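Colleague: The residues making up each chain are set out below.
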Amino acid sequence: GQNIDQPTEMTATEGAIVQINCTYQTSGFNGLFWYQQHAGEAPTFLSYNVLDGLEEKGRFSSFLSRSKGYSYLLLKELQMKDSASYLCAVRPYDYKLSFGAGTTVTVRA
Amino acid sequence: EAQVTQNPRYLITVTGKKLTVTCSQNMNHEYMSWYRQDPGLGLRQIYYSMNVEVTDKGDVPEGYKVSRKEKRNFPLILESPSPNQTSLYFCASRSRGSGYGYTFGSGTRLTVV
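Residue numbers (the numbering used here), protein chains in the order written: chain A, 1 to 109; chain B, 1 to 113.
In case anyone wonders, no lab produced these hints; they're calculated from the structure. There is no bait here: all hints are sound.
Taking lysine to any residue and the SDA-like style, the derived pairs with C-alpha atoms no more than 20 Å apart in a straight line are: (1) B/71 / A/94; (2) B/57 / A/26; (3) B/57 / A/3; (4) B/69 / B/96; (5) B/57 / A/27.
Simulated DEER-style distance windows between Cβ atoms: (6) B/44 / A/56: 25 to 35 Å; (7) A/13 / B/20: 41 to 51 Å; (8) A/93 / B/3: 23 to 33 Å; (9) A/56 / B/2: 24 to 34 Å; (10) B/51 / A/28: 18 to 28 Å; (11) B/111 / A/15: 32 to 42 Å.
Computed footprint of chain B on chain A; a stretch qualifies when at least three of its residues, placed anywhere within it, have a C-beta under 8 Å from a C-beta of chain B: (12) 33-46; (13) 83-97; (14) 100-107.
All figures in this text were calculated on a predicted structure; none of them were measured in a lab. Think of the CB as a built atom: it goes at the ideal place given N, C-alpha and C, for glycine as much as any other residue.
Generate coordinates for the entire structure from the input sequences, incorporating the hints supplied.
Modeller: And the structure:
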């Protein structure tokens, strides 16, 4: 089976930085994805890591360490619209994408 | 506009009454998948398809059926719905290839009473 763990909730202040950690134990590895999901809406793709290191996309960055089974998503200069759930997902095989339960981030003014 | 279209968005039905949730994508994607999302459990894969006439079970296939007769369509069928199938359902598609993530439909909120 696949085991993907991330914190349930995080709270931060507008303008601050938040780091969401994800640890995984899966039967294979073909990449790690981060998705953003606003309440009642579809998940939307944020980032993809397949090699170790940091991928930066504007205010969002994602890091991967395959040897540690660890990733984080870094959200900088937080805005109110960043209040959402953030889903860590691992592709153990080409056809499969397994998700963690998600981290709900609340941004306060 | 490139998209995955699911219908209906909301559905309330009674136990045992067969229903179909439709899913269609206009991006010529090979892979399609159905997920259900429940509080505290995240997204769990029900069925997936790697191409026309190629489907297989995901992690929670019991009580569901799918078909892939055309590349663009991947309907989810509940032959005899039960209350434990009350959930938020998402259809998703992607291209074959390592760097592609799934594009998700808008979701179908199903309530079985």
